[in-house]
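Taken in order, these protein sequences are the chains called A and B. Residues 1 to 203 (my numbering) are what the first sequence spells out, left to right. Residues 1 to 472 (my numbering) are what the second sequence spells out, left to right.
No lab work stands behind these hints, which were simulated from the structure alone. Don't take every hint at face value.
Cβ pair distances, simulated, as ranges [claimed, not checked]:
no., chain 1, residue 1, chain 2, residue 2, range
1, A, G177, B, D108, 35 to 45 Å
2, A, G177, B, K170, 49 to 59 Å
3, B, D342, A, L180, 56 to 66 Å
Using N, Cα and C, we set each Cβ at its ideal position, and we do this for glycine too.
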Amino acid sequence: MEAFTRLDAAAAPLPLANIDTDQIIPKQFLKTVERAGLAKGLFYDFRFDEQGVEKPDFVLNQPAYKNAGVLITGDNFGCGSSREHAPWALMDFGIKAVVATSFADIFYNNCFQNGLLPVVLKAEQVAQLMDEARGGNHVVSIDLEAQTVTSPSGAVFSFEIDPQRKQKMLQGLDAIGETLQAAGSIDTYEMKRALSQPWLEGA
Amino acid sequence: MRPMPGKTLYDKIWDAHVVDTQDGEAILYIDLHLIHEVTTPQAFAGLRANRRAVRRPDRTLAVADHNVPTEGQALGVDAVADEEARLQLQTLGRNVEDYGIEYFPMGDIRNGIVHVVGPEQGRTQPGMTIVCGDSHTSTHGAFGALAHGIGTSEVEHVLATQTLRQKKAKNFRVRIEGEAAPGVGAKDFALAVIGEIGTAGGTGYVIEYAGSAVRALSMEGRMTLCNLTIEGGARAGLVAPDDTTFEYLKGRPATPKGGGWEMALSYWKTLFTDDDAVFDREIVIDAAAIAPTVTWGTSPEDVVAVTGKVPSPDSFTTPDKRASAVRALEYMGLEAGQPITDAKIDVVFIGSCTNSRIEDLRIAAKIAEGRQVAPGVRAMVVPGSGLVSAQAEEEGLDEIFRAAGFEWREPGCSMCLGMNPDRLTPGQRCASTSNRNFEGRQGRGGRTHLMSPAMAAAAAIAGHIVDVRDYL
Numbered sequence: 001m002e003a004f005t006r007l008d009a010a011a012a013p014l015p016l017a018n019i020d021t022d023q024i025i026p027k028q029f030l031k032t033v034e035r036a037g038l039a040k041g042l043f044y045d046f047r048f049d050e051q052g053v054e055k056p057d058f059v060l061n062q063p064a065y066k067n068a069g070v071l072i073t074g075d076n077f078g079c080g081s082s083r084e085h086a087p088w089a090l091m092d093f094g095i096k097a098v099v100a101t102s103f104a105d106i107f108y109n110n111c112f113q114n115g116l117l118p119v120v121l122k123a124e125q126v127a128q129l130m131d132e133a134r135g136g137n138h139v140v141s142i143d144l145e146a147q148t149v150t151s152p153s154g155a156v157f158s159f160e161i162d163p164q165r166k167q168k169m170l171q172g173l174d175a176i177g178e179t180l181q182a183a184g185s186i187d188t189y190e191m192k193r194a195l196s197q198p199w200l201e202g203a
Numbered sequence: 001m002r003p004m005p006g007k008t009l010y011d012k013i014w015d016a017h018v019v020d021t022q023d024g025e026a027i028l029y030i031d032l033h034l035i036h037e038v039t040t041p042q043a044f045a046g047l048r049a050n051r052r053a054v055r056r057p058d059r060t061l062a063v064a065d066h067n068v069p070t071e072g073q074a075l076g077v078d079a080v081a082d083e084e085a086r087l088q089l090q091t092l093g094r095n096v097e098d099y100g101i102e103y104f105p106m107g108d109i110r111n112g113i114v115h116v117v118g119p120e121q122g123r124t125q126p127g128m129t130i131v132c133g134d135s136h137t138s139t140h141g142a143f144g145a146l147a148h149g150i151g152t153s154e155v156e157h158v159l160a161t162q163t164l165r166q167k168k169a170k171n172f173r174v175r176i177e178g179e180a181a182p183g184v185g186a187k188d189f190a191l192a193v194i195g196e197i198g199t200a201g202g203t204g205y206v207i208e209y210a211g212s213a214v215r216a217l218s219m220e221g222r223m224t225l226c227n228l229t230i231e232g233g234a235r236a237g238l239v240a241p242d243d244t245t246f247e248y249l250k251g252r253p254a255t256p257k258g259g260g261w262e263m264a265l266s267y268w269k270t271l272f273t274d275d276d277a278v279f280d281r282e283i284v285i286d287a288a289a290i291a292p293t294v295t296w297g298t299s300p301e302d303v304v305a306v307t308g309k310v311p312s313p314d315s316f317t318t319p320d321k322r323a324s325a326v327r328a329l330e331y332m333g334l335e336a337g338q339p340i341t342d343a344k345i346d347v348v349f350i351g352s353c354t355n356s357r358i359e360d361l362r363i364a365a366k367i368a369e370g371r372q373v374a375p376g377v378r379a380m381v382v383p384g385s386g387l388v389s390a391q392a393e394e395e396g397l398d399e400i401f402r403a404a405g406f407e408w409r410e411p412g413c414s415m416c417l418g419m420n421p422d423r424l425t426p427g428q429r430c431a432s433t434s435n436r437n438f439e440g441r442q443g444r445g446g447r448t449h450l451m452s453p454a455m456a457a458a459a460a461i462a463g464h465i466v467d468v469r470d471y472l
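In isolation and in its complexed conformation, chain A is listed as follows (with noise of 0.2 Å):
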């Protein structure tokens, strides 16, 4: 996983709440058996009309944000599905950071298995990163060590994560290295298991 430690890049705003990961990523882009390539099918149905051919009032459409890095968004962005194409099209499209009011579950553990960086912030924040993001300058400065959001005007924005996934996110840890570790308490646990639930040994 790679390292997140801190990123300037343009934010995109998407101001619509309960963005769910169908619309993130459409079934039909869900065949794959890759991880990679999936920008392609990032937000397809707002982005294409029905003949595959570009909405030019979408905002990741608009050159101002065709290179954008961070999506500024509503509440319970990433609800519905589980599937993790969703965090995979937005890393794929070069989102490395979305900011919002708050995240579905699933999503939000997601984006921390891919080093994508959910970041929540108060709604008056949001509402005033969404309205900077509009006008000429939209670069935000996001500092995961400092855990700060810079708006292009300079407003600062301080955020809260679990000091546990920040250090992962910022070292770009492997989860099941740090698991295997406890592979002991693993086969403890099993061989106790075996003896007091011995019905579900051997199915």
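Following the hints, position chain B against chain A.
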């Protein structure tokens, strides 16, 4: 010294599965890992790249459900027309073979939707931790199991370690008390709960459903209720196991037999919330006040009683909710203030992990019996598994549906998410027993109204959304 406060059911299951703690995160043992073709190929690729084994293939079960066509399944995977879907199904076949995982492939009578198959086989048992790369894994909570969806990286983690790294969620109890009116069931309860708490209302919680109306539900009903928990944002839903649960489980292929059954039963009977346990949040809903409920918009929280009207965007409090409501009305082709029963239906879909079990099909068949699908409506029934299908055929339900003008199809996820050929075309309006009314969920431009199997069957007959109580 103050006595320890009592534990909730969630606390008990959680405590019984903590293997270790690292950096404030629990390593939680996983008893059952269900897998399917869509969210696993990248996980197996990761295992191979890191030369890691599957720790407990015996605690893992694979099915083919999301991509499978709902006809011609006996021809096998090679007959799947969609090249990418075929490759994904073939990849799963290869992965389960390489790693020694039990698999019910397409065409096997035991195959079907993962959340129908687990319980039906008795793989799902009280007190277990169950995960699957699918958000509707919450379904299995109906048995008093802690069950939730995970992403593909976590699938790889569970395959490699049989554990999941987790932070504990908070406890939320939803009590549904009293007696529901005829024609009102678990689906209406679930939609009413989501309407009450909102689609993010459960975020950060595990919900335990309790109360006399929940106790009165069959296992099928409890599965419907727990299935939709994720649409309220909660990690998992739970119902404490009771005699209804044990009765359902007894004699299923993977449930313990003989002395093992007695031993398991005595453990399962300890799985309830203590009287003095404290919940972080609690709501009480009056079952008698719930009418048959449908959705009008593009989020499962957009619910309205069938006797109600499409709401106005002005009735929403925040600007982004108002913007979403305006967008939803436009997408759905509805106008504020319109009675919801004005909505004319093009397609009816009875199926999905929410409502494709035998009881769902019996209820729908009862409404359909002796009646005819309205002209111009395409109505389809997709049983949840090969075994559900066989049971329904034994009871003659397929004949009732066919005689009424419904299509009787083969099992799978089908039009719930339209990964297979069963899809809506732009502008088509669907009465659906599934779980998500998101834009484009059932096909680009498709308009989904979520409702119970009884309501969907009644809509098929009437040709528009209708109060099923007029058809009882």
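Could you check the structure against the hints above and give me the numbers of any it violates, in ascending order? 2
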